[in-house]
Amino acid sequence: MNAVFAALSLLLAGAEPQVLALDPAASTVRFHVNHALHKVDGSSRSVEGKALIDPDGTVKTMVRIPVQSFDSGDSNRDSHMLETLQAGKFPYVTFKGIGKVAATSPGGKPASVMLRGELDFHGVKRPVEVPATVEFAGDGSARVQGKLVVSLEAHQVERPSMLAMKLDDDCAITFDLKLGRSK
Amino acid sequence: MTERPRRAVPAPFAWIALLLLIAAPRGAAAGLLLDESLTLDLAGPTPAPSGTKPPDLSLDFDLLGKPAPPRVKIDDQAMKKRADMLQLHQKIGIGLAALTLATTVVGQLNYSDKYGSNAPVTGKYEATHTVLAFTTLGVFAVDGTIALLAPANPVKRDAYDRVTVHKVGMALATVGMVAQGVVGVYADQQEGRVDQKQIAKTHLVIGYATLAAMAVAVGALVF
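From first to last, the protein sequence lines are chains A and B. Okay, so the first sequence: first residue is 1 according to the working numbering, each after it adds one. Okay, so the second sequence: first residue is 1 according to the working numbering, each after it adds one.
Okay, chain B solo, but in the shape it has when bound:
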């Protein structure tokens, strides 16, 4: 029996094959293919291995325990009363702003009628101005009292905020209102005297200042 001669790979082909293998891209190397499968994706669904517990998705857990008592004890009933009173204060305040504006406008017309020209004084605004002025004063007192009697704010902060502007504005307006009442009545009593015009002018200026203080106070809350 004759042995078949082995077919040897010609040497040049063997060298070419070896060179191609060395020059091949990294991913094509059989030993490095595993590297691609090491990317982990925890965000995606990960099938639980057999025998392991599925993740507990119940919200029946408490990581924080019992909360500490709140810093300030809030009385809901007092807060409700405060809110109701301040809502009423706001509604009356809108009417008060309109009344104050009307009083000032009619006061200006009254002043112009009396001292604005050499034309005869008609006095047609006087009664309206007086009624408006005393109504404004009364509503102002009621509205301010409602705000002052409302239960205190439990979360007072030191910061300077809109309410501070409102309170400062209304405090100035209160001074203006009182001064208006006093100067207005005094001006009325000086009928026929030389300095009546000057007193009336002072009353007018205080009126505009009071209106401006109220406008700032209301504007601070509205805008």
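Next comes chain A alone, as it looks inside the complex:
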């Protein structure tokens, strides 16, 4: 019980909204797509994001990733991805969401949060629900992990094909984000 109060007091101290900023060096967003001949994994370590936690536990979050920062380990494939996603016109993938987070004891069981919001991908904004877990540390930092599946066609992405076979429509995105108190 004391630990819960300690975390709460850290987060909600002074009943002022707390701002947590994402640490890009300690955060990763990965994507996974399937083709009949390949399973492709890529990641970005150039993620920027912030979370605003209100005293009542309401959390507003915004995460932005430059499309050209995704690296699948194959520069040619990455250049095709930039072409497919029209990275010149739509250089960022942006997520904005709102949820309600429960305080957890530092080092304790992560709290679940459902972030409801909108994903702006390829210039198409779609509503999205992102289940995530939040783990608060004693210093007020938080680790957020989760997964969502994005339909490429829903975002009007023309699926690339290889040897006359198209890429699967589902793009699985997993994230592991470290947030610290904003200075």
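No wet-lab data here; the hints were simulated from the structure. Just to be clear, a hint being listed does not mean it is correct.
Stretch-level coverage of chain B by chain A, calculated; a stretch enters the list once three of its residues show a Cβ under 8 Å from a Cβ in chain A [as the list claims (entries may be wrong)]:
| hint | segment |
| --- | --- |
| 1 | 57 to 63 |
| 2 | 79 to 86 |
| 3 | 193 to 201 |
| 4 | 207 to 219 |
Over the 10 Å line for every Cβ pair with chain B, so calculated as not near, a few chain A residues [claimed, not checked]:
| hint | residue |
| --- | --- |
| 5 | Arg30 |
| 6 | Asp41 |
| 7 | Thr58 |
| 8 | Thr133 |
| 9 | Gly138 |
| 10 | Arg143 |
| 11 | Arg159 |
| 12 | Asp169 |
Backbone N, C-alpha and C fix where the C-beta goes; we use that ideal spot for every residue, glycine too.
With chain A held as given, fit chain B onto it using these hints.
Chain B in isolation, oriented as in the chain A frame:
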């Protein structure tokens, strides 16, 4: 008026009651009941106290401000042109792989016909091999030129990847193709000479090496 005598609790019952109260479980103690109500659940719906503003659930917020300009400027038109040219390169490449395989197979049959046994030379594969060889050489040149003229990849990385393997493989295949052309024509000119068989054998070996280099280059992208 006579006063009614007060009924005193017998002393043993009072002591038993006191002992039971002390031994009772913690939760039953009236003074500690509040402890159970201190559990907070921020995840659940929390009714806003009267007079307070309900939480703002609008997505009309921007926590990050204007983004920094991208590290590399991407020209979508150039990227489209690059993709179209490389798609064409890929399609021609599939045909080229088939042509190279056919040229090698027919070249082997031609070599076996000429030098494989003591049976009379029929020469029935020679024309086919020549046509296939020059067609392969021409398609190879066109396909390579398309790839070389495609706009450059704006996200070049230092890492060694599949495309590097493809390029190294195709560079070796290019050397093989040129050598094939030279040695093949030279072998043809040595008709009737003693060393023609050796030259033809060299041509054959280079042919297999070229095919292997192409197989590695194509395989690196496909698998």
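Hint check:
no., hint, verdict
1, 57 to 63, "holds (count 5)"
2, 79 to 86, "holds (count 5)"
3, 193 to 201, "violated (count 0)"
4, 207 to 219, "violated (count 0)"
5, Arg30, "holds (17 Å)"
6, Asp41, "holds (13 Å)"
7, Thr58, "violated (5 Å)"
8, Thr133, "holds (12 Å)"
9, Gly138, "holds (18 Å)"
10, Arg143, "holds (18 Å)"
11, Arg159, "holds (13 Å)"
12, Asp169, "holds (20 Å)"
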